[in-house]
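Taken in sequence, the protein lines are chains D and G. Residue 1112 is where the first sequence starts when you use this note's numbering, and the numbers rise one by one after that. Residue 1112 is where the second sequence starts when you use this note's numbering, and the numbers rise one by one after that.
In case anyone wonders, no lab produced these hints; they're calculated from the structure. Computed from a prediction, not measured in an experiment: that's the story for all the values here. Hints are supplied without guarantee of correctness; some may be wrong.
Since the list gives no way to pick one copy over another, a pair counts as held whenever it fits inside one copy or between any two copies.
Unchecked claim - Below, in silico cross-link-like pairs of lysine to any residue (SDA-like), each with a Cα-Cα straight-line distance of 25 angstroms or less:
(1) LYS1213 - SER1130
(2) LYS1213 - GLY1155
(3) LYS1213 - THR1127
(4) LYS1213 - ALA1179
(5) LYS1213 - GLU1138
(6) LYS1213 - ASP1203
Residue-level listing of the chains:
Number of protein chains: 2
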Amino acid sequence: MNTTDSGYYVVIFSSTLRSAQLDEDSEYARTARRMAELAAQQPGFLSVESVRQGLQGITVSCWQDLAAIARWRQHPEHQAAIERGRQHWYEDYHLRICRVEKAYRGPARDTAVPGDTQQDGRG
Amino acid sequence: MNTTDSGYYVVIFSSTLRSAQLDEDSEYARTARRMAELAAQQPGFLSVESVRQGLQGITVSCWQDLAAIARWRQHPEHQAAIERGRQHWYEDYHLRICRVEKAYRGPARDTAVPGDTQQDGRG
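Please model the complete structure; the sequences and the hints are all you need to start from.
Encoded structure:
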């Protein structure tokens, strides 16, 4: 599945850390890496991207369907990490599960999904 | 509308800049600030959050409906900024328009939308 398609699902995880976890060997950093690695092994996983700026972070992971997201959420190692995050690492977080309705890529490969009428194109 | 609700829409804008635009007075930085300010004035706008780490950035904006997103996309000043971005600033970008199906907040205010059965709670 190409993620310029629509109809798949994304999980947007926006977080604020309690303190900057800059040490790449911190338990937080090690857990974050392990979760990215483990997520990528789950059935229905498509892709993940993650950006952090100081205490603020946004991670967007893409999944084939809601069932895949639910299964990943129930994974014992993930559950343990979620609980650890709630208790120790995050000041706040906001998790949104969303269905992708339309997707575009740019600037060179600016393609809309078929049927979209908002796209003005470049000629 | 509280963004722990569902049924609203998000635009996920993931981008890679051609070069680090660290100067806060660069045309890119000024345009990015202006677009955030202008977006917030549009009917149907709910919220925006943006994180950048080196060349990689993720911006998530929330909107009441698809019509609000389409109107903002058609705004002349926004159109000009999109074109400028395509031509000059972005190596690549990926824009996804999504419908929020479920939303959670944590860790202190860990609430699920009604009807969700994946939430295991904390006690």
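Provide an ascending list of the numbers of those earlier hints which the structure does not satisfy. 1 and 5
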